[in-house]
Every structure is written in C-alpha cells, then in structure tokens.
Amino acid sequence: MSLAKFAVAAVAMSISLTALGAGTHGGGHGHSAKSGEPGKASDASRSITVEMYDNYYEPEAIEVKPGETVRFVVQNKGQLVHEFNIGTPEMHEAHQKEMMMMVEHGAIQGGKLNHDMMEMDMGHGKSMKHDDPNSVLLEPGESQEVIWTFSEKGNIEFACNVPGHYQAGMYGEVNFN
Amino acid sequence: MKLWIPVIASAVVSLSVIPVLASAQERMPDTTQRKQPLKVWGAQFEELEYRYSDDDEEAGVWDADFFYGTDNFKARWLTSGEYSFEERAYEKLENQLVGQIPISKFFDAKAGVRFDTPEGPDRTYAVLGVAGLAPQWLEIDANLYVSKDGDTSADLDAEYELLLTNYWILTATFDATVAFSEDREIGVGKGLVSTESGLRLSYDLIDRAFSPYVGVVHERKYGDTADYARAGVGSTEDWFAVIGARLSF
Amino acid sequence: MKRTLVAGTLSLLLPAIGLAGEYNLTVDRVTIDTGEFVKEGVGYNGKSPGPTLRFKEGEEVSINVTNNLDEMTSIHWHGLILPFEQDGVPGISFPGIKPGETFTYKFPITQSGTYWFHSHSGFQEPEGAFGSIIIEPEGREPFRYDREYVVQLTDKHPHASERVMRNLKITPDYYNRKQQTVGEFFSDASENGFLNTVKERLAWGDMRMMQADVEDLQGFTGMINGKGPEQNWTGLFEPGERVRLRFINSSAMTYFDIRIPGLEMTVVQADGNNVQPVNVDEFRIGVAETYDVIVRPKDEQAYTIFAESMGRSGYARATLAPEEGMEAPVPGLREPARLTMADMGGMPGMDHGDMPGMDHGDMGDHGDMVGENEMADMSDMDHSRMEGMDHSSMTMPEGGASDPFYAKGSGLVPTAANGGKFLSYADLKAQKPLYEEREPAREIELRLTGNMERYTWSINGVKYEDAEPIRLKYGERVRFKFVNETMMTHPMHLHGMWSILDVGAGQWNPIKHTVSVQPGTTVYMETEVDAPGQWAFHCHLTYHMAAGMFRKVIVEGGPESTQAASSEQLSEVGGDV
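Chains as they are written, first to last, in my numbering: chain A, 1 to 177; chain B, 178 to 426; chain C, 427 to 1003.
Just so you know, the hints here were simulated from the structure itself, not pulled from any lab data.
Derived CB-CB ranges, DEER-like:
no., chain 1, residue 1, chain 2, residue 2, range
1, C, E871, A, S47, 51 to 61 Å
2, C, E497, A, P140, 53 to 63 Å
3, C, R760, B, L339, 20 to 30 Å
4, C, N622, B, H395, 27 to 37 Å
5, C, R589, B, E268, 33 to 43 Å
6, B, A252, C, G751, 54 to 64 Å
7, B, F292, C, P757, 51 to 61 Å
8, B, H395, C, N844, 49 to 59 Å
9, C, P757, B, I383, 27 to 37 Å
10, B, W345, C, N622, 22 to 32 Å
11, C, L759, A, S143, 49 to 59 Å
Some chain C residues flagged as far from chain B (calculated, every beta-carbon gap over 10 Å):
no., residue
12, E462
13, F620
14, P755
15, G758
16, E902
Every residue gets a Cβ at the ideal spot worked out from N, C-alpha and C, and that includes glycine.
With the sequences and hints as input, model every part of the structure.
Below, the structure is given as structure tokens:
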C-alpha cells in the first residue's frame, strides 16, 4: 500500500462515508448520476431475493420500472464477506476506495467483519460503519433487506465493492422497462 | 473437486483404463541422465597472440586449456608456447596433463605431469597445484614442479579483470617463476627466475567466445637466470606489444 | 489440435465418468522465429508453443503422444493432479517415449484452471517443447469475462540449451551483461561517497559474490504465444469487455514483471487455483507459475502487455487492441536490480551490514569435494518468518518497497512502474479452501544451496545425483521449510500434490504448484500427501535443475485399493532418456 493510496483513501473517507452512494448524493460525480432513493416498506410492490456467492450474484440482472419500489432480500450464501450496493458505476468506483480501506484496517477479513474496527472513530466524527441505505455488507450466512425506490431511469448496477469483487464480475444489471 | 477423485479412481480401477499402481517399495530406479553427474567439456585460449618486442623480435604465443569431466573430477590438458619467427623455433613449449578436483568452495587441486619440449633440452615434471578464485576476484593458479632429476620450481599466476563496460574488459596478469634448485642446462638459476606482467584490453565481439584484444607485456629474468641469459644470446628484459584474441568454445 | 469427442461411443463403457476426450499430440522438430533470430527447436503438432489443450473438469482424457524426434521424449502435465505413472517424468513416472513410438496418457481431470504441459526430457522444454492447458470447471467460474486469451511467455535464447549449460558451467557469468562496471563504480561513488562505495565493493569481492547476479541467462528474446516483441502478438477486444488473460511463464530461466499500462488487472487465479480477487498494477510471474487476470479495457485504443525480465535484460511484449495492427507505446526497460547484503542473509555465518568474516578461500581448506557443503553448517537465519505477521497492516517501512516474501532490505523487491500496487504472495488468498486445515505431522527442512562460481545447485548441499529420495507417508500433512541460502530466486515445483503456500492466512492460504523462494528468505508450504507413487520435486529453472537442484519424492503407502494392486507394470520400466 503506497502512501499515495492511503492519502486518497483517507481523503475519500473524510469527504463522507455516509453521503457517498446515497440517493441524494450531489458530490463530484455529477447530478445525472442518480440511483434512486431509500424506499418505504409499505411502498414495495414486490420482493426480489438476491443470493450472493463467491464472487457473483444470482440473479445477475433484474428488471424494474421507473418509480418502482423494490424490497431486496439479500442473502450471503458464500464463504466470504459480500456487499449488495445499488448505484451507478461511478458511485461504485468511489465506494471501492472506502472498502479498500476497510480491508486494510482489518474491518473486513475474508469471511468475517470486525465490527469493533468498523465502529472505531477515524477522526472528524467519521467511522468505517457501513450503514448507507442503498447497501448491506453481510458475513457468510447473513441475510438482510434493502428497500429501494428506482425513481428514474439510469445506468444502475447492484455491486459488491469488496476489493477485487466488482472487477472480477460481482455486479448485476438493473434494466428499466 | 475432491469428491471426484474416489469416484473416478474406482471407475478407473474397475475398468483397468490406467495401469494399476505399484507399491512404494518396488518402484523404478531413476537411471536417466539427470541422475548421472553432469559431464562438461571446454576448450579455451586465454591467450592467442602475436608479440612484437622492443628489440624488433616477433613471436607467436598461446596459452590454452582443454578439459572434460564432472564437478568432482576433471581431466585437463594445459598447453602454452612461444614460437619465435626469427629463430623458427619454439622458445617455450609446455604441455601439462592434470587431473583436477575441488578442495574448497572456490579452489581446486591439480596433479599430473608437465612435458617441456622447446628447442633445446626437454624436461618432464610432476605437477601439484591449486587454482581458483581468491577474494576480490583474483584468479589464482599456483603450481609446484619436480623434475625427473629432482629439480624443484614453482610458479604463480594471478589475473584480474576490470570491467570498463560489460564488453570492454581490461585484464591484468602477473606470472612469477621461482626455482628451488638450479637447472643450468635450460638456463634456470636458483631463486626468482622470471616474471611476466601483462595488460590487455579486450572486447567481447561474439559472446565470450571471441574477444580480440591489444596489450602490452613485460618480461624480465632475475638473478642467476638473468646472468645465464646474458651469457647466451637472450635478453633479460623485454617489452612487447601484443595483438590477439581470447577464444572459448 | 485434433480433438475427437468420443463421448457417444464411450458413454456406454464409461457410465461413471460420462465424458471422455481423445487428443493427439506429435512431438516435432520445428523452426522458431523470434523476429530477431531463427532457431531450430522442439514443438508440438509442428509448432512452438504447442496447442492449447481444452479439458473439462470430470473428463477422462486420453492423449496420444507420437514422438517424431530421434531421441527420447516425455510430456509432463504441469500442475495436474493425476496418477503418478501419467506424470511424464522419465525415470520417475515412466521410462519415457522412444523415437517413433506413440504413448497414450490416460487420466481423469479432477480440477479446473490454467495449466501447461512440457517435455521433462533433457533440454527439450527450453528448446520449445511446451503448450498450454485450459480446464473448464464443472460449475461456473467465480468471476465473469467476455473473452479469454492464453498469454504464454518464454525466454528464447539463440544458443542451444546444451551449449548454454556448458557455458554456465565453464563461466558462470558467461551471459551476465548487467555486471557492475567502472562506470557504475563512479556513479555509485558520487551518490554514496567514494569510501562507502569502495567498502561495499570490497565486501562483495571478499565473498566473491556479485550484486548483479540476478539473471543467469541473458541475451534471450522474450516471447508471447510464439511471437517476439517485433512480431507483437495481438489479442482483440471490444471496448467495455472483460478479458481474461491466462498468463503462463514457460521460460527456462526468466522471471517477468508484467504490466499493461493504462489497465488495472484483477488477479483471480494463481497456478490454476482461484484466489480472492486482488487488483494490481503489476505482478511478477515466476518460472512455471500461472496467473489469471481480468482486465476491462474501456477505451477504443491499444494497450501494451509489457513483460520485463526481473534482471531487466530483456522483455516480451504483446498488444490488446480493438483492431489488428493497432499499437500502444512500448515502455523502456528500468534499471537492473542489484542484490543487497540482505539478499545474502540466508548464507550461513553472514553478518549483515558488517564486513563478512568468511573463510578467505585458503588452500588448506579440505571441505567437501563438491565444495558446496561449506554452506552446510548453516546458522538458522530466518529473516522472513511468516507466522504472526500482519500482512494487511499499513506500516510503512523506511527505505521504500517491502514485501514479506523478500528479505528485509532486499534489492529485488519489485515496485510498480506507475507507483501503484505490485502483487505480493501475501495478497494471495484461496477463493475456497481445498483442504480442511490441520496440523502438519512433521516439518521437512529443505535448504536451497549452491555455488555460483562452480554453477552447482543443490538441496541441503547435495545434488540429485548423490541424493536419497524424500520419503512421505500417504495420508500425512507435511510442512516444508525452504531456506534459500543462495543469492538467486528458486521456483520450487512439487509434482503430483498441491503446495499450500503459507502466507499467514490459515485456511485461506493459497494452493500452488510452484513456489518462488527469494534469496535470504525462509518460506513455508504445506502438502497434503494424497497421491501415492513417486514424484519429482525441483527448482524449475532449467539449468539449476540440470545442475542438481532436484529430488525424487516417494509417497509410501496408499489407499486400500491401490495397495492390493499388483506390480505387473514394473516390468516395463527402467529405461533411459
């Protein structure tokens, strides 16, 4: 790990760990990059089960209508920690830097999450808590729900940003019809 | 993946598709080349040169080495000579046949015979020597000789290569001969007999197989040996300009 | 390559297996054109490299190998788990294949991934006798890609291998043209001070070791898939596609540092086994290793695959491009590495930093005849103990690059050309543990030894010709401790059984078939002894192996079914190469 990378990661984190990736994100990635917004359970028209394996999703593509609210039941059926994160490719790329740091600090250790490390104060009141509404980070065997409203069409993927996983192909397409 | 092994193995055994395994105690011995000592041969001319002296004398000189053997034992033929174009005669002609074994990490011991058959009386010696690489990259070759008549002498050769570049190499050599007894018939007096110092600038033209060089060589005789030379027609000190090539096959 | 699927007819005979394939290979004299020189060599099906054999996990393969040479040959399936008689090492697995003879290899495919095959007879492998193997898994791959290419590297030398061996034995630095010169002395002196430089040169001269001793064999042309740098092998892609590159280092002697300027590579497999994906900018591939990476070129432009030799004496180059004929800039070679005293750390009785008090080669030293046993009375200097090391820590050592698999302060530690991430063994974690983790029954120490001035290479100070086999017991788990007491890197390859490299990750330790051991380091690997028979275990550098860095491993005992088997097959063996 080079000093340069550390600096990049640190800056990325201090910008905001929680704002990045959230639906109302208005940072450097442009306003066009919208992935939707957190939904209410009562609005969910249907439920999609997404199984996470090492290192791929089943299914690898889903279909939604603009404005639709979907309840995702995300299950980690692999042996490694995986993420389910809804966003644009640019958001994922930015989030991967944060995830990289979580690995480097031992917050993600292969098949385990170190919750103490994730709670640790990283200065400026930030932590490595992974509590954005557009994503869940699961240990093997865990299951959690994400309720999301796809407010408008866009280039949206659900992806695992644990270092290397996205690049290896752990992402799925959100197709609008 | 692992589950497959027993399934397939049992299928294989029952079908006899693959010859059955032998028990560990009776397996084939390795008689391949790999299990034999590596045999190596080499042929090198450390010096193959034309010399032109400050007395306008011309000579052809070589110093070569042919060997065959393994890490543990090598048979080596060392040959060196100096042919005088004026005299049309060999002023020096030495051939050694030695066996060579390693004695330490960087040094070998040699033992064998040396035949001197220049113009004039011949000599046969028993040879015992060491050769190898001393610290600071000095190539050393030191030998002790005992003639049939019991005359003993020794010589020491040292060589150092200075890499001006990875292809231009400046080689410094120094040889000294000492006699422990006099052999007047061949003009050798007791004590320091002679030295030869050389400086050669070579260029590796074809790998390290053909490296032409130019250089200077200084030869000097000492003590009684010098006196004997003065009494004859020989000189006691010479400077040579040399041109030649180092060869390795 | 001819591939005949005879599943239809054989399915009746082989109900338990279901899938069977027949493959044909001929071993031929071939002409190899590097673009810089043309040379006679050995190849398969008329070409070097030979074809890519595509197998499917669970398949029963039979491979007919016809020897069209006028000498014995053999094929070893590098990294494949198979019965030992099918492993293709003459004198250990079988007698070899005679001229004119066709030998049929038959074995089940029990794994998946990228592997290769090569001759194990004489110097046929460095002469070009190698090809690649791709095994499709039964299930899906744990990663995605749109297209794939084999990228098989080699270091083609203009000299015949027999001659290379002889030259190295006579003059070990015969091919080393990266030695320290007078010019380097002065540039070092101006940088580090005159006295320091003199002191340093004297220290190395005292040991009679060369700081420049990184690459024994220089003067080669690096080749990718049979093409030299000028011939520029090109793999096509559509922008946005994921491309899987299956890198195989089939070199005789050369480690390559590989990068694709402009692209990040995600390493997903090492030595055929899936690893947890790692994003890197550059990686070093040892001789005989394989690495699979996924790249995603997004732009409509060409990218150079640049493989620079570890000693910076040569390179291989290829191109990824949207169209044939496109090219990207080819980077220059970086400065050659210099060994440091840290790399000498494995040598017994060596004192770091200080002038070493070594035996000055005094003539009265009657050591072992072979001379290399002077290294035998080793003091245990273990500089890179892996246990308890936190590889994920962010500690920044002073003085630049560090990698737990190199000696601390080593001159060989690689750094990425773009300042980014360079893959370390410490980054490799198994994607899925292949074995249950358990305590090894015992530890076997293998000191990697040698004498550069004599070009002798050995294990525990003993060359293969004088060595007894290593005996393992079927069913045990053993821990191998490699202690590199030489100044060279050795890629150690155990046939027939997996090498579980200890990177300190417990059950996630990666599964390999070839383990590189850097100078001055100690590396541990564990092996589940699950394959009866006798196997080869050696340094995969061709000329180190030929000079004696080789062992036979005998696995005693075996599963019930094979112990009861007869020994009829013994009558056929005992031949020569």
